[in-house]
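Undergrad: So the chains spell out like this:
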Amino acid sequence: MENIQDSQWPLWEVFIQSQPGTPYKHAGSVHGPDKSIAMQNARDTYFRRNEGTSIWIVPSNAIVASDPNDSDMLFDPSNDKAYRHPTFYTMPEGALNI
Amino acid sequence: MENETKLKHFESLIDADSNIEPRDWMPEDYRKHLVRQISQHAHSEVIGMQPEGNWISRAPSLRAKKILLAKIQDEGGHGLYLYSAAETLGISRDELIEQLHSGKAKYSSIFNYPALTWADIGAIGWLVDGAAIVNQVSLQRTSYGPYARAMVRICKEESFHQRQGYEIMAHMMQGTPEQQEMAQDAMNRWWWPALMMFGPHDTNSPHSGNAIKWKIKRASNDILRQKFIDKTVQQAELIGLTVPDKDLKWNEETKHYEHGEINWEEFQSVINGNGPCNKQRMENHIKAHHEGEWVRKAATAYALKQNQSVKQ
Chain D
1 MENIQDSQWP LWEVFIQSQP GTPYKHAGSV HGPDKSIAMQ NARDTYFRRN
51 EGTSIWIVPS NAIVASDPND SDMLFDPSND KAYRHPTFYT MPEGALNI
Chain F
1 MENETKLKHF ESLIDADSNI EPRDWMPEDY RKHLVRQISQ HAHSEVIGMQ
51 PEGNWISRAP SLRAKKILLA KIQDEGGHGL YLYSAAETLG ISRDELIEQL
101 HSGKAKYSSI FNYPALTWAD IGAIGWLVDG AAIVNQVSLQ RTSYGPYARA
151 MVRICKEESF HQRQGYEIMA HMMQGTPEQQ EMAQDAMNRW WWPALMMFGP
201 HDTNSPHSGN AIKWKIKRAS NDILRQKFID KTVQQAELIG LTVPDKDLKW
251 NEETKHYEHG EINWEEFQSV INGNGPCNKQ RMENHIKAHH EGEWVRKAAT
301 AYALKQNQSV KQ
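Residue numbers (the working numbering), protein chains in the order written: chain D, 1 to 98; chain F, 1 to 312.
Excised from the complex, chain F in its bound form:
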């Protein structure tokens, strides 16, 4: 009975578009869903540093290198905002990292694709960050306060990421035929994985029901995906890139683009660990974590020693 009252109060807050804060009562499934979604989001930011980090030492100019460094540092920062939001739900950072390493927690499958050429850095910023922004703008209104606040902060910073990527693509499309070809090749490889970032079709999305009801998610996968396609096609056409979808066409009635079928087998296969880089991404993260252990311990030992000398 007591729980029923609490649930009623919780639902009335959700219905009123109010926010749930860490110390408020919440259904166990709400907490679980948030931990899964926020930690997956945090891990994606952090693992997402790897495909781009690969290009820091090979950036074509000092300007490009400075921009890339700043962008990757932002991704790390975004991971930290999100980890701290997840930690307000009663899970520790150690547990979050442990869940990533054991495979219990996932990260966005887009980061299991390799960044083969400099044009990929353009495509990642423009398409991958572009898709992430569509999702994150919608999540600024998510019902859990700390998550919503992290999203507001992240959205402020993401638009630089997308613009620097589009600038790279536009620049290459004005270059030599080889550079144009390189840009189109990156477009061909990143377009479909970017569409997959929004997750399965609404009819086939196992976690959506409660997430929409509790306003964790504010729009469905298909609606967000459509938004991304509608705004990106014009940007591609403007700089002379072809969207690699022969079924793509404008529907004058709905005022939306219609797109071809997404290869969901590929999506499932990459999620299940068979993407081109799954193994490498995880090994890198585990290695960095172990190599940092002595630093974490030394700093802890130093802090203990400082505390003791203060007490004496």
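Just chain D, with the same shape it has in the complex:
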């Protein structure tokens, strides 16, 4: 163990499903040397009350995030394709249930 460097352990991101059927939501992060201790730490840190029914943990360095500088390129084009929205189309007068 002499050659082991003391550290606060690697970082993991924690995601919570608040109830079955709902999407997972980022809660924050924890430190842990491995999956099982990171899971235990996530439980103790983010689930002391009835916050949820399921946990995902992901090593923080495995997350790939978009670059804010690319925002125009990535997100702007969605605005000029109005035909992707149902309200774009003209329905004949009197059509029901559509």
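Hints are supplied without guarantee of correctness; some may be wrong.
Claimed, not checked - Cross-link-like lysine-lysine pairs, in silico, DSS-like; alpha carbons within 27 angstroms at most:
hint: 1; chain 1: F; residue 1: K8; chain 2: F; residue 2: K32
hint: 2; chain 1: D; residue 1: K25; chain 2: F; residue 2: K156
hint: 3; chain 1: F; residue 1: K215; chain 2: D; residue 2: K25
hint: 4; chain 1: F; residue 1: K8; chain 2: D; residue 2: K35
What the hints assert, rightly or not - Some chain F residues well away from chain D (every beta-carbon gap over 12 angstroms; in silico):
hint: 5; residue: P27
hint: 6; residue: S208
hint: 7; residue: R218
hint: 8; residue: Q226
Hints were generated in silico from the structure; no laboratory data involved.
This one's a predicted model, so the numbers in the text were calculated from it and none came from an experiment.
Heads up, the beta-carbon is just placed ideally off N, CA and C, and yes, glycines get one too.
Please arrange chain F on chain D, whose structure you already have, making use of the hints.
TA: Using the frame of chain D, we list chain F on its own:
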């Protein structure tokens, strides 16, 4: 020129009450201010476990002991939410702890006062957590996303802390004359330090300028302090406690309480390390950190070994 464009974009986000996220460009001073403020906040939560931890083994009933344990565990959790928010700014947990131990980073000076009697546990929950809530409710709207989200989570949990403290005080005020005296004594010792938690007067607050401009802070020290006084005086009177301020009086025109002068010399002196417990709090933290070293190393060694056996 490029930086100027980035700064303009940053300021337009702030002006629009939008949030800044970890990967967004931000001025170096914004980042520095956040690291200082969030880490100070995190350290306060963690050091704040000590005055209360002192009473776990002496809590007057099993009910009281369970509540105190849960509250202290929450404080530890709040520290962790905040450390993880600070880490999104590019500083590591190791650096944060190192800055606490070297004295470069501060924590709230309130935790350098001792918890002498059980009534202090009541006063801490009611007054110290009460003051913290006023500050933290306002910080839910802070401009840095991870900090704001940590605040929302913390505020949800804090109100139990304040209520359990007020319950202890109310209970003691219905007890024997000795118990009432004990509650008043705790009130006398914690009231002024609680007011100091909001920091110096606005006219004398070195970090406020940019913090307000960048919406890190959403309200000034004096405004938050006034809010706390206005809501706490009624709670004190209701259970028969006297606020230890002979100059305290209701101003019918402003609809606010006016309060006496705060002893800023004491405030500075405690910040500079001369409070009753500064040395003890820091020694405890350093000792616990060193005593945990073999656990951290052993778990790291085990994880390495597991990884190697997976690869083979």
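Undergrad: What hints, given by number in increasing order, does this structure fail?
TA: Those not satisfied come down to hint 4.
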